[in-house]
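Student: Protein chains in written order, with full-length UniProt numbering: chain B, 1 to 348; chain U, 1 to 348.
Read the hints as simulated data drawn from the structure, not as lab findings. Where hints are given, some of them may not hold.
[Unchecked claim] Using C-beta positions, here's what the derived DEER-type ranges look like:
hint: 1; chain 1: U; residue 1: A310; chain 2: B; residue 2: S33; range: 20 to 26 Å
hint: 2; chain 1: B; residue 1: A38; chain 2: U; residue 2: D35; range: 29 to 35 Å
hint: 3; chain 1: B; residue 1: A207; chain 2: U; residue 2: S235; range: 44 to 50 Å
[To be verified] Coverage of chain U stretches by chain B, computed from C-beta distances (three or more under 8 Å per stretch; other residues unrestricted):
hint: 4; region: 66–79
hint: 5; region: 82–88
hint: 6; region: 256–267
hint: 7; region: 274–283
For each residue, glycine too, the CB sits at the ideal point set by N, CA and C.
2 protein chains.
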Amino acid sequence: MGERPPTSRDLARLAGVSQATVSRVLTNNPRVSPDTRARVLQVLAETNYTPNALARAMKTGRTDTIGVFMTRVTSPFHAALLDEIGRRLSEAGLHMILWNIEHDPEESVAEVVQQRLVDGFILTSATYDSRLHAAAVASGTPTVLLHRGIDGLDCDQVVGDNWQGAYDAGRYLVEAGHRDIGLVTLAHTGNTSRDRDLGFRAALDDAGVKIKTSNVVTTGVGHADGHAAAQKLLSRAKPPTAIYTVTDLLAFGLLDGARARGVQVPDDVWLIGFDNTDLASWEAFDLTTVDQPVHAIVEAGLTLLRQRIADPARPTTTQLLPCPLVIRGSTANTPAKPTGKKSRTRTD
Amino acid sequence: MGERPPTSRDLARLAGVSQATVSRVLTNNPRVSPDTRARVLQVLAETNYTPNALARAMKTGRTDTIGVFMTRVTSPFHAALLDEIGRRLSEAGLHMILWNIEHDPEESVAEVVQQRLVDGFILTSATYDSRLHAAAVASGTPTVLLHRGIDGLDCDQVVGDNWQGAYDAGRYLVEAGHRDIGLVTLAHTGNTSRDRDLGFRAALDDAGVKIKTSNVVTTGVGHADGHAAAQKLLSRAKPPTAIYTVTDLLAFGLLDGARARGVQVPDDVWLIGFDNTDLASWEAFDLTTVDQPVHAIVEAGLTLLRQRIADPARPTTTQLLPCPLVIRGSTANTPAKPTGKKSRTRTD
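When you get a sec, could you build the whole thing from the sequences and use the hints?
Tutor: Structure representation (structure tokens):
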């Protein structure tokens with residue numbers, strides 16, 4: 001079809017050397033004799049050779065590369081999300097450039113856009129005050145928000161139904177008879193943290209259960225923050241009988257904090273997290289939690305992104321996927337595992 | 001210096017539009033009027049405009065991008081390694097293309113090399129039978145092996161001293177009086193798994209302690225594999241009094257398997273892992289383990305890689321960094337935390 005740029009195979013033939021030798025010259029490998037190098041460079045100059053990826057990018061405007069912005073992957077949920085994104089992109093024959101929003105200043109997105117390094121963006125850590133998503137969307141580069149959405153932002157978004165998942169967790173505790181309930185939450189920096197907080201409060205409110213101000217801990221995202229929350233909530237004379245945390249990682253920290261104080265879960269206090277990371281199913285935690293459908297979120301998000309790359313003018317959409325409650329041993333009434341453990345808090 | 005390609009600023013000036021509008025045209029954003037689009041495209045054609053990154057790559061032969069090959073980041077150690085690599089590359093102003101060796105066929109490295117997508121490779125998952133490192137090195141692309149080395153491979157390598165770390169773990173158990181010792185290990189697919197196995201055996205051998213064949217479990221890399229190893233080793237009438245696993249993740253699985261059987265660590269059995277991941281310090285595990293110096297490995301590796309990019313002819317080097325034993329509660333004689341717990345196995 002029309003003219004095509006010469007390939008390294010063409011170059012090798014013209015220079016009378018192997019493709020490997022051409023590759024060595026292109027990569028400045030010293031293991032090429034000066035004569036051979038000169039011959040290859042001569043052919044390069046004569047043919048105006050452009051390496052394939054660059055040639056294709058210039059010809060098609062496509063780089064076959066997707067830029068992914070993510071928070072720290074030392075968080076088990078984000079590691080699982082990255083793993084799934086990488087798997088899906090690889091299946092689609094796409095490369096992934098990965099940026100950590102905690103390491104890379106947001107301004108870099110402007111440079112990335114201007115340099116046309118990527119065909120599209122996947123943003124997994126959108127927050128209200130981040131200019132990252134705004135810059136990505138304003139650039140016109142196809143962009144999808146995964147996992148964390150922003151209300152009213154005119155771009156494709158695929159998120160779990162955090163509000164409903166949190167509501168179900170709250171209702172489950174109330175229906176089990178809990179009235180003195182703790183909430184370990186994050187500042188409402190985006191829809192995700194907001195909805196996991198407000199959905200839970202709504203369930204308690206609907207049941208006429210008031211949540212004491214002293215039972216709410218607003219904290220950071222790490223294991224150590226959950227651990228410190230345990231100290232605050234469990235050191236009282238009358239601690240709450242159940243605690244909900246807005247992420248699994250906070251729940252792991254809280255469970256470890258309880259362990260350090262000799263407080264038993266679920267005998268002394270019930271615990272519910274949010275994310276259903278792999279670790280939640282380990283005996284060390286055996287955590288009742290709300291499932292984030294990572295697989296479905298990534299699948300739907302990549303479909304939307306590829307549709308947008310193919311047709312930039314199509315209307316944007318927001319998809320909300322269900323987040324079911326997964327009941328395990330950190331709450332006592334697990335029908336599958338009757339343990340006979342007493343739960344002192346089944347009635348108010 | 002000399003001619004320079006036009007920038008989007010030049011284009012904007014020539015077309016009489018804003019830089020943002022030029023960017024929108026370049027990214028096929030529909031929110032540009034047909035007239036404006038036509039004017040910008042006309043200027044593009046007249047100036048033979050090439051977007052910056054491509055222009056620079058063609059001019060300098062550099063992409064400012066490093067290709068990283070890694071295994072699944074759902075393993076806590078690899079997540080920490082990736083996090084550190086990303087932080088360091090970002091500080092150096094370099095982009096990272098990330099490939100998962102479990103998702104991406106090894107053949108893709110040849111394509112990546114030919115397309116000159118990256119200035120260098122970081123390989124964190126080298127194994128003897130992988131052609132990935134051989135292909136990377138043969139291509140002449142600057143390459144460094146981090147964390148997993150391969151004996152005799154002519155490329156820069158930075159690894160922990162796995163053999164010595166494993167030896168120290170073995171000696172520690174023997175000096176504490178253990179004689180009936182379990183080993184949960186991996187097939188020797190690379191230096192790392194080999195040295196973590198052989199170093200441990202050497203320590204026992206030097207002390208005249210024989211390791212029973214029935215006490216050795218060779219398994220896979222996941223939490224479930226450690227869990228299954230617990231079943232094998234702890235279901236006997238007389239289980240080993242101490243177990244060493246060649247990764248933390250296997251130790252977490254083993255600890256959870258012990259928990260599931262009601263076996264107490266360290267009262268009934270001591271446990272030592274390898275990696276010193278963050279999780280090892282959590283109360284849930286409180287794991288004695290051998291420290292992998294992730295920070296130092298990545299720092300040394302990136303220094304070597306940048307030196308090689310600057311001077312491809314410099315001799316290759318292998319750096320071996322110390323892996324100290326970190327003693328926690330999964331072995332009983334922690335001087336910092338005298339618990340009075342009996343250890344039934346201090347003497348043979």
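Student: Each hint needs a verdict: does it hold in this structure or not?
Tutor: Evaluation of the provided hints:
At about 22 Å, the CB distance of A310 (chain U) to S33 (chain B) agrees with the hint of 20 to 26 Å. The given range of 29 to 35 Å is broken by A38 (chain B) and D35 (chain U), whose C-beta atoms sit roughly 50 Å from each other. Between A207 (chain B) and S235 (chain U) the C-beta distance comes to about 46 Å, which sits within the given range of 44 to 50 Å. By the rule of at least three residues with a Cβ nearer than 8 Å to a Cβ of chain B, the coverage given for the region 66–79 of chain U holds, with 5 such residues.
Here the region 82–88 of chain U counts 4 residues with a CB under 8 Å from a CB of chain B, which clears the bar of 3, and the coverage holds. Restraint check on the region 256–267 of chain U versus chain B: 4 residues with Cβ-Cβ distances below 8 Å, three needed, restraint holds. Here's how the region 274–283 of chain U fares: 3 of its residues keep a CB closer than 8 Å to some CB of chain B, so the rule of at least three is met and the hint holds.
Going through the hint list in order, the structure does not satisfy hint 2, though it satisfies all others.
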